[in-house]
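Novice: For chain A, the structure is supplied; the task is to place chain B on it using the hints.
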Amino acid sequence: MTPATAEAAYRARRRVRLGASLGYGVVFLVLLAVSARVSEVSPEALLAGLPRAGEYFHKLLPTLRWEVLFAGSRVEGSLAYWMYRLDAWAWLLFETSQIAALATLMGAALAGLACFPAAANLAPNRAVYVLCRRGLELFRTVPDIVYALILVWVLGVGPLAGILAIALHSVGSLGKLFAEVVENADMRPWEGVRAAGGSWVQAVRYAILPQVAPNFLSYVLLRFEINVRGATVIGFVGAGGIGQELYTVIARNYHEEVGAIIVLIVLCVTAIDLASERLRGRVVGAG
Amino acid sequence: MQDATLSLRGLTRRFGETLAVDDVSLEVPAGQMLGIIGRSGAGKSTLLRMVNRLLEPSAGTIRFGGTDVTALRGRALRDWRASCAMVFQQFNLIPRLDVLTNVLVGRLNRRGTLSSLLGLFSEEERAEALAILERFDLLETALMRAGQASGGQQQRVAICRALMQRPRLVLADEPIASLDPRNAQVVMDALRRINREDGLTVLCNLHHLDTARAYCDRIVAMREGRFVFDGPPAALTPERVREVYGVSEEEFHAAPQGSLAVA
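Protein chains in written order, with the numbering used here: chain A, 60 to 346; chain B, 943 to 1205.
Chain B with its partners taken away, still in its complex shape:
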């Protein structure tokens, strides 16, 4: 088994004059469930997007095992994206296509252009997708249009799509920010399951400290593009929160909800 540590070195991203992520370094060992917390605009989303290379870093490097991810281009870059699956706040499914096809999208990377244009997937691939759906209790929805499924179902379909990619790590960008508390729990349970049962590294942006404490092995806290805390959940005490954010935990959670989308 090759080394599967994700390591970020001096990672920086500027948007014009603003430093969204400011010289961040981080080592994530294989199989860890890492929670990244912070208020809106702290740079959490920018950080995850850079790891998947949806956003180009302004400076710094991303390494995964022996690979320099920042140097990848073309085919190799697409392969990298397939191996670090993203789960988005808004699910980013294709609403007009059925749930099964949405899961199969996770396999497009290994499909040729022509067969994917024709919408052809093999019976084995469909069997694999259906098995994943069954595992997350979604088999009934397989032929439903994704847009007609509930929010909680859609996010679990997105997790199934991620698994279909056969990824090495999963990046979840505020996966429960658009869900009600019950569905939030179901989705967080699903993320922990793929971490525990499939041994996948999970990086999860969260803005609720209790969720991070309940589900993650390790928490890093971001503020203005930098890490201000890195440690086990037990170390993130209310006193420590006040120390790094300068506000109490209640005030921390009172972040304006409307601005979450741009976080």
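So here's chain A without its partners, still in its complex pose:
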């Protein structure tokens, strides 16, 4: 091969790649147009609806007045008047975050067991791997709200249905993420433990777990945040927490109260986010 033939081969390859990229680009655009058509997304409808969305958000805003902002709950225009049910809402919000916390813990525990046989590098054989992978997929593909609807029917209205619903979905999504972390683990320690006569379980405990634990924790904290939002939505179908209250005030068009609850949820999620970031930073930093 001479430099000239290498250059020619390089150009030919680039031409082929450019052609392929253009081809895939066209296919992508066609698919995009089809999916927009099927799901009835049209720019006109979006534009027509936009002012109404603005109108709704405007309604959610409280009428606050500067001069009485910090007055008591009986003075119209004060913060306390807007948040007049703060005690009840705070409790419901607490309940929601507890639903999320318990569900996340339960989901993480099960996912932590299932992820090792579901990792291609550790699975004792192909059958176990496929079984665990497909099992996790099954848990994951059913949305938590569907689980909640079923469980409310089975267990009755209340937080228990919500906890189980979110836990089931969490097993699937955390299990997949955990398994992928495990698949990226350094296998040399694993080989070291196995070569020393350690069993599969011992090798997981000593060679893999210390490597993957910080990543597991950060996924669990992320999942906790997602589950707080999930637990809110799940309340809509009678699975307890702030969601049930939110559903009621939306249905009754109590706009200012909808706004108040949404602000509280945002504050709660932000607080959890900040706290988990610090915790994660500490663990990873120590790791």
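Simulated from the structure, these hints should not be mistaken for lab results.
We put the CB at the ideal spot given by N, CA and C, even for glycine.
Hints should not be assumed to be uniformly reliable.
To be verified - Computed Cβ-Cβ distance ranges for the label pairs, DEER-style:
1) Gly1093/B <-> Arg337/A: 30 to 38 Å
2) Asp245/A <-> Arg1077/B: 26 to 34 Å
3) His1195/B <-> Leu172/A: 32 to 40 Å
4) Tyr69/A <-> Thr1009/B: 57 to 65 Å
5) Pro1180/B <-> Leu172/A: 33 to 41 Å
6) Asn180/A <-> Thr1009/B: 24 to 32 Å
7) Asp245/A <-> Arg1068/B: 39 to 47 Å
Said to hold, decoys possible - Partial selection, computed: residues in chain B whose CB lies under 10 Å from chain A:
8) Phe957
9) Leu996
10) Leu1039
11) Leu1059
12) Ala1100
13) Tyr1187
Specialist: Same frame as chain A, now just chain B:
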């Protein structure tokens, strides 16, 4: 004392079309320090891994004393692995755990699942591990994370882990290929010590002929999966090297370093 001869008969390993180890037979008497030399890809690593059963032989048998090692399964296989300790080129320690725990890993084989899951080791076991660390001048590092120790220290910790297994033989797969010359010497000294003082059989893959000549009782040379030399170090003269490898000793050592990892 039961017979502790390691004997390989017609041992073969294929990777697809390639014959990594080709019909190899070998007798290693108890207490011998055997050096296995050869260039990258000669099949040295595959051979040692088959002895520990990290790799399954495609054909042939491995016997140790009265035991057919190739037939072992489950619990018996894990016990065999504990009794033939491996020392790896890349140390294969657990970097995030402390040195002491890494040594205790050598005892996992004799621990129940539950107690090992909880990370429980007895005071006697810790005392034994600490004594081994002290013997190799590593006591100061006991509570350090293994990943923070130097390469030479890590390899000696790996040797301590091997001793913690109370093995019958030690398989060292290129133990000094990732180390600088000074640390290489310290590690080779440690391997010779466990051979001389503890009477352990040591099989050691090396790609440097001088190291093999300096430390081993006997040398076998591999080329393309077969043994091409077997004898005392003194018999492996430069002429003999040229005869079996077709290159001079300098050319032999000029093997591409990058390919060592897959040897």
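Novice: With reference to the structure, classify each hint as holding or not holding.
Specialist: Evaluated hints:
1. For the pair glycine 1093/B and arginine 337/A, the beta carbons lie near 35 Å from each other, so the given range of 30 to 38 Å is met.
2. Range check, aspartate 245/A to arginine 1077/B: about 29 Å between beta-carbon atoms, so the 26 to 34 Å window is met.
3. One distance hint, 32 to 40 Å for the beta-carbon pair histidine 1195/B and leucine 172/A, is violated here, with the actual separation near 50 Å.
4. Judged by the Cβ atoms, the range 57 to 65 Å given for tyrosine 69/A and threonine 1009/B holds: they are separated by roughly 59 Å.
5. Distance hint check: the CB atoms of proline 1180/B and leucine 172/A are about 59 Å apart, inconsistent with the given range 33 to 41 Å.
6. With their beta carbons about 30 Å apart, asparagine 180/A and threonine 1009/B fall inside the hinted range of 24 to 32 Å.
7. Evaluation of the 39 to 47 Å hint for aspartate 245/A and arginine 1068/B yields a failure: the beta carbon distance comes to about 26 Å.
8. Hint status for phenylalanine 957/B relative to chain A: violated, with the closest Cβ pair at about 17 Å, above 10 Å.
9. With 10 Å as the threshold, the beta carbon of leucine 996/B comes within range of chain A, its nearest partner Cβ sitting at about 6 Å, so the hint holds.
10. Taking 10 Å as the C-beta cut-off, the interface hint given for leucine 1039/B holds, the closest approach to chain A being about 6 Å.
11. The closest approach between the C-beta of leucine 1059/B and any C-beta of chain A is roughly 5 Å, which is under the 10 Å cut-off, so the hint is satisfied.
12. For alanine 1100/B, the interface hint holds, the least distance from its beta-carbon to any beta-carbon of chain A being 8 Å, beneath 10 Å.
13. Among the interface hints, the one on tyrosine 1187/B is violated; its C-beta lies about 30 Å from the nearest C-beta in chain A, farther than the 10 Å criterion.
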